[in-house]
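Construct the complete structure from the given sequences, taking the supplied hints into account.
Number of protein chains: 2
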Amino acid sequence: MSSTAVPALDKTFQILDLITDSSQPLTAAHIAKELGLPRSSTHNILQSLLSKHVIYKDPESRFYLGSYLMYWAGKYEQQQGVVQLFKDLIVQYPVLLQHTVTLSKLDLGEVVFLACHESPAPLGFTFRAGVRVPAVFSATGKAMLSTLSMDSIKSLYKDAFPTPMTSMGSRILPIWATELAVIQDSRVSLDDGQLRDGMYCLGTYIRNASGNAVAGMAVSFFCKESMSLNGLRSVRY
Amino acid sequence: MSSTAVPALDKTFQILDLITDSSQPLTAAHIAKELGLPRSSTHNILQSLLSKHVIYKDPESRFYLGSYLMYWAGKYEQQQGVVQLFKDLIVQYPVLLQHTVTLSKLDLGEVVFLACHESPAPLGFTFRAGVRVPAVFSATGKAMLSTLSMDSIKSLYKDAFPTPMTSMGSRILPIWATELAVIQDSRVSLDDGQLRDGMYCLGTYIRNASGNAVAGMAVSFFCKESMSLNGLRSVRY
Numbered sequence: 437m438s439s440t441a442v443p444a445l446d447k448t449f450q451i452l453d454l455i456t457d458s459s460q461p462l463t464a465a466h467i468a469k470e471l472g473l474p475r476s477s478t479h480n481i482l483q484s485l486l487s488k489h490v491i492y493k494d495p496e497s498r499f500y501l502g503s504y505l506m507y508w509a510g511k512y513e514q515q516q517g518v519v520q521l522f523k524d525l526i527v528q529y530p531v532l533l534q535h536t537v538t539l540s541k542l543d544l545g546e547v548v549f550l551a552c553h554e555s556p557a558p559l560g561f562t563f564r565a566g567v568r569v570p571a572v573f574s575a576t577g578k579a580m581l582s583t584l585s586m587d588s589i590k591s592l593y594k595d596a597f598p599t600p601m602t603s604m605g606s607r608i609l610p611i612w613a614t615e616l617a618v619i620q621d622s623r624v625s626l627d628d629g630q631l632r633d634g635m636y637c638l639g640t641y642i643r644n645a646s647g648n649a650v651a652g653m654a655v656s657f658f659c660k661e662s663m664s665l666n667g668l669r670s671v672r673y
Numbered sequence: 437m438s439s440t441a442v443p444a445l446d447k448t449f450q451i452l453d454l455i456t457d458s459s460q461p462l463t464a465a466h467i468a469k470e471l472g473l474p475r476s477s478t479h480n481i482l483q484s485l486l487s488k489h490v491i492y493k494d495p496e497s498r499f500y501l502g503s504y505l506m507y508w509a510g511k512y513e514q515q516q517g518v519v520q521l522f523k524d525l526i527v528q529y530p531v532l533l534q535h536t537v538t539l540s541k542l543d544l545g546e547v548v549f550l551a552c553h554e555s556p557a558p559l560g561f562t563f564r565a566g567v568r569v570p571a572v573f574s575a576t577g578k579a580m581l582s583t584l585s586m587d588s589i590k591s592l593y594k595d596a597f598p599t600p601m602t603s604m605g606s607r608i609l610p611i612w613a614t615e616l617a618v619i620q621d622s623r624v625s626l627d628d629g630q631l632r633d634g635m636y637c638l639g640t641y642i643r644n645a646s647g648n649a650v651a652g653m654a655v656s657f658f659c660k661e662s663m664s665l666n667g668l669r670s671v672r673y
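Which chain is which? The protein sequence lines are A and B, in order. The first sequence begins at 437 in the numbering used here and counts up one residue at a time. The second sequence begins at 437 in the numbering used here and counts up one residue at a time.
Since the hints were derived computationally from the structure, they do not count as laboratory data. Everything numeric in this text was worked out from a predicted model, so none of it was measured. Take these hints with a grain of salt, some might be off.
Unchecked claim - The list that follows gives simulated cross-link-like pairs (lysine-lysine, PhoX-like), each with its CA atoms no further than 25 Å apart: (1) A:Lys-469 / A:Lys-488; (2) A:Lys-523 / B:Lys-511; (3) B:Lys-511 / A:Lys-493; (4) A:Lys-493 / B:Lys-594; (5) B:Lys-511 / B:Lys-523; (6) B:Lys-488 / A:Lys-488; (7) A:Lys-488 / B:Lys-594; (8) B:Lys-488 / B:Lys-469; (9) A:Lys-511 / B:Lys-469; (10) A:Lys-511 / B:Lys-493; (11) B:Lys-488 / B:Lys-511; (12) A:Lys-493 / B:Lys-469; (13) B:Lys-523 / A:Lys-523; (14) B:Lys-590 / A:Lys-511; (15) B:Lys-488 / A:Lys-469; (16) A:Lys-469 / A:Lys-493; (17) A:Lys-511 / B:Lys-511; (18) A:Lys-469 / B:Lys-511; (19) B:Lys-590 / A:Lys-523; (20) B:Lys-488 / A:Lys-594; (21) B:Lys-523 / B:Lys-488; (22) B:Lys-594 / A:Lys-511; (23) B:Lys-493 / A:Lys-594; (24) B:Lys-493 / A:Lys-590; (25) A:Lys-488 / A:Lys-511; (26) A:Lys-511 / A:Lys-523; (27) B:Lys-469 / A:Lys-488.
Structure representation (structure tokens):
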């Protein structure tokens, strides 16, 4: 975790992330020990978060995320008008309800998921709103990147191409350029296991009135059969 | 704003609330001036929030809420399984899509809204997730309170009955007890303009397998005609 000029906020982010990522509810003592933080400052931060309903405490003094986070997050969603469009779309096309469908936007070299409709059959991969992944590995990210020039894309990754997340993630740039050209033609992108082994996502982008790609949408599914895989590859190449 | 033992968090909450409630995007200088905070600590907090994607900055250096809030809020929603039930219900009963429908839960003497489906015709009142109102004025709050004993309810408001939010909010306790008895019989509650003048909400509660009211649901609408008002009153008395 990078540290900033406000140590109390660094600790707060660590605490909120720990509560978010923990499968078990945690006590103050657990939180302090897990993060290596002093008990007194952990206690003070937890009390401050409690008073704002950012977290809440059960009768056994275990901490959970609280309702006030939805107040802030709701405003973020309102700002992103495309989230409401996405929700309306899912409801209007019942066929989509059967699938895992995600909405995301490009933020420099990453995509951030804005909304997700989960299929009734779980994928084993949770596209949580707010999660970020390198754009080059995700179907929506590739779709949105395909609307940029190769120079713009190179400048996004000038420091380094992101570290692959799976064995399918290790592309070299020339192959990647070919892939983008195909997406430019077809407007359809494919993540064939680059976010998670065995999970496939077909994506496209949504343009605003000015023609800029403002968001990406993808449908995700598991593909264990190589037959189906071969079928999908024809979309890409 | 009450202050806690962590001044940096108090300031952070003020800043996030100001950005949330402002109809205009704000610069760092605006934020510092509006809240009466030192520019340097405002700058440091904004930088720390930026680095975590809790806020973001546009090219004109104006601040907006950021995508990371959805990561934390999403976990809160996951914890509240009833939110997913609510979303599934709305989708399964298209008649509900035409109305403003809210889901909330009781937290001591308040209700906190967990989810809202907004009617295509706006109500002029935004039930944002995370917003809290005194339970005694809201349809869902009354419905959930009606499952408690009058002694439990009195202990929730032992300090004072909440300040009315509209001219319709000034009930005295004996009348209120009669209203609760009617809700116990009918399982239907009415807020006749107690949250907002002219807005009516019909509510009920959702019980879990143990029979406890874990959430409330309400349908809200505007009622300008006294005829309709008289019709509604018959639900209550």
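What are the numbers of the hints the structure violates, in ascending order? 12, 14, 19, 21 and 22
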